[in-house]
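J.: If you want the building blocks of each chain, they are given just below.
Protein chains: 2
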Amino acid sequence: MSLQAPDKQEFLSRINRLQQALRAQGSDGFLATQHIALYYLTGSMQAGYVFVPAEGNAVFYVRRSIDRAQAESAVRVEPLPSLRAFRLLLKQDYPQLFASGQEITILTEMDVLPAQTYTKLAQVIAGESGSRSVLTDGSAMLRRLRMVKSAFEIGRIEAAAAAAAEALAEAVAELKEGMTELAFMARIEYGLRIRGHIGLMRTRSYNMEIMTGMLGAGDAAAEPSAFDGPAGGRGLGPAAPQSVSRRVIGRGEPILIDIGCCIDGYVIDQTRMAVIGSLPDDLAAAYKQSVAIMRETERLMLPGTPSESLYAAALTQAADAGLSQHFMGYGVNQVKFLGHGIGLEVDEWPVLARGFTDPLEPGMVIAVEPKFTFPGRGVVGIENSYVVTAQGARQLTKSSEELIIVT
Amino acid sequence: MSLQAPDKQEFLSRINRLQQALRAQGSDGFLATQHIALYYLTGSMQAGYVFVPAEGNAVFYVRRSIDRAQAESAVRVEPLPSLRAFRLLLKQDYPQLFASGQEITILTEMDVLPAQTYTKLAQVIAGESGSRSVLTDGSAMLRRLRMVKSAFEIGRIEAAAAAAAEALAEAVAELKEGMTELAFMARIEYGLRIRGHIGLMRTRSYNMEIMTGMLGAGDAAAEPSAFDGPAGGRGLGPAAPQSVSRRVIGRGEPILIDIGCCIDGYVIDQTRMAVIGSLPDDLAAAYKQSVAIMRETERLMLPGTPSESLYAAALTQAADAGLSQHFMGYGVNQVKFLGHGIGLEVDEWPVLARGFTDPLEPGMVIAVEPKFTFPGRGVVGIENSYVVTAQGARQLTKSSEELIIVT
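Chain order of the listed sequences is A and B.
According to our numbering, the stretch in the first sequence is residues 1 to 407, in order.
According to our numbering, the stretch in the second sequence is residues 1 to 407, in order.
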């Protein structure tokens, strides 16, 4: 499970694809600031900024550590002593853009970049007062670029999947009546961590947090929450209002085990169900229904299919089973998607939701999570992650789909 | 360790202090957006926005979960169906500000709010085109407000300190030669988690991540990193370039154990040193020097003392000991502070650094971390968290300061 660093060519080809997108849109460059984007484009997550011109070579301007960046980065590294120096460096390296007095359009990740830093960087780009050069939103361009994964990236997601499967199997062997959600989760997390989980699940959305995942039993799993997912969980209190609580796991309750694992920066996302004893018949039937939706989604997951049509098909199946009101949350607390891209972050594109009309492409990696919520009783469902291939969906999740029964 | 929720009065008094600050500055209101600010001001971390007018009552506009917010929030909760509806709601609730056509100044947390969301909210505040109302930066006002902790907050930090001390003692009992940094950290993290650690260490700075803390042995601890701290650690690879690595812990190496724990939203931050066998004399002497700096810092930690003078005194002590070049990192990789505020986030104010001239006040909680870096050999140092009282520093960290020796 040790990291095999990808060839530097991999990063250069990502930059190349970004440059094609810049030129297609008539933009002059991309200024990447988020640590995840820096890693994606250069192979190094050191502190600084990457500038990618629409034509020519990218440069990684590094505050610290310069040594590490030089050892890791596929693109040229330049020390960045201060923000003030930044414009001078850009003028030197890109005279045709920054020293020519022309009006240029530079994109950046406005969906994650704090407004304060954005304002400072926009001034750097605008340069002398009077210039009409702009720093504007390129979030979607970068998110689109990252949708399609390379063989290296898929390999890392599979490594995370293997670690998650092992950690889950190990922890389930210790699951017993009277254990708290927290204690069960702690056991899973220990297994993930010793297998190389980096200790974080990175998310893109503002205020979104994932604490390794969400584990919940019975009514606690079914509580509505701020989390933008079908089951947020009760949490440990108002300042940690999602995932596990100190609730004791009882007999006959659905135990939803939605866990992530991040290996070498790449995440897997999966959900399995367990029960001590047996599930009530109607919940067992709903679980089977979630598996049926998964099978149909797999069948539809072909290049060219619009993402949203997978969600639409799942809605129809849920309706046919008489479970519409329970699908992906209950009533007003339903969320409006079936799945989401995963990669360096847990909330990547595409989203399997209305409005995502882009066709699926080979290399997209998608977590599909049909779930049914029964207020006061629990959540049942399943989640697998897949890579889209020319031949259809290839499953990356490695845990058995069987309901885990503890006697 | 179960949460005793503070009286709603606590949150109302925070809002009251914020309103005083708004009026003193001539601003008309504060629009809080970050989940941590929402919790700080209302007692609920559900998704939405809090509007605090300079005069009058605050309202928590909630997207989800409305039920949870209503159960938890000290201020009135209003459902927020969409961003489009937001201005209408504000006009209804604050006609003197939003329906009167006057130019108003509203503050928000531009240090954390993404530029994309900021732009949308600024349009909401500006309202009809032509209005000159502005949404501008109030980050510093909120950070200042949060510097001084209540008895409830200090109690939660002490609960986190107790959990950290227990988890560390438990894990140290299993420390042995040949263990990897990762395995040792996983053991500590398990102990933290079963005691109620929420599974996250929240940070405010863009791109800053903390994976429970930083544990490093020998040369791995001393490697420069992107992390804005005296010791970032080697990490698990380029996409997780800080904290633990898979390096095996050897005999005679300084083991730096810088861990955090978050209970009910509040963090403790502490560092202890361990060694298998014994430390080389010069490193042992440097460790004693870090403890000496801690004692002097405690002595200086009195209300009225400017934060920066604690840093200046530590620099002098390090110089007197001939250790200037090793203090808080080595050479060009030194960081320029001695400590930092902690609370709901790990990187709060005040910072013990040049330029932080504000006097210490009772209720401030500060992590002090004098450390010495020896490239290729390791990092030695200590970190305690304190609350400033009228009588001086009161230590919150509960672990023994003795060098932990494993034979």
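I should point out that these hints are in silico values taken from the structure, not numbers from a laboratory.
Check before you lean on any hint, since a few could be wrong.
Note that identical chains are pooled: a pair holds if it fits in a single copy or bridges any two copies.
Stated by the list, open to error - Computed list of lysine to aspartate or glutamate pairs in DMTMM-like fashion (alpha-carbon distance at most 25 Å, straight line): (1) Lys336 - Asp67; (2) Lys120 - Asp137; (3) Lys120 - Asp228; (4) Lys336 - Glu78; (5) Lys8 - Asp67; (6) Lys336 - Asp358; (7) Lys288 - Asp358; (8) Lys91 - Glu78.
J.: Against the structure, test the hints numbered earlier, and report the numbers of the ones violated in rising order.
T.: Violated hint (a single one): 7; every other hint is consistent with the structure.
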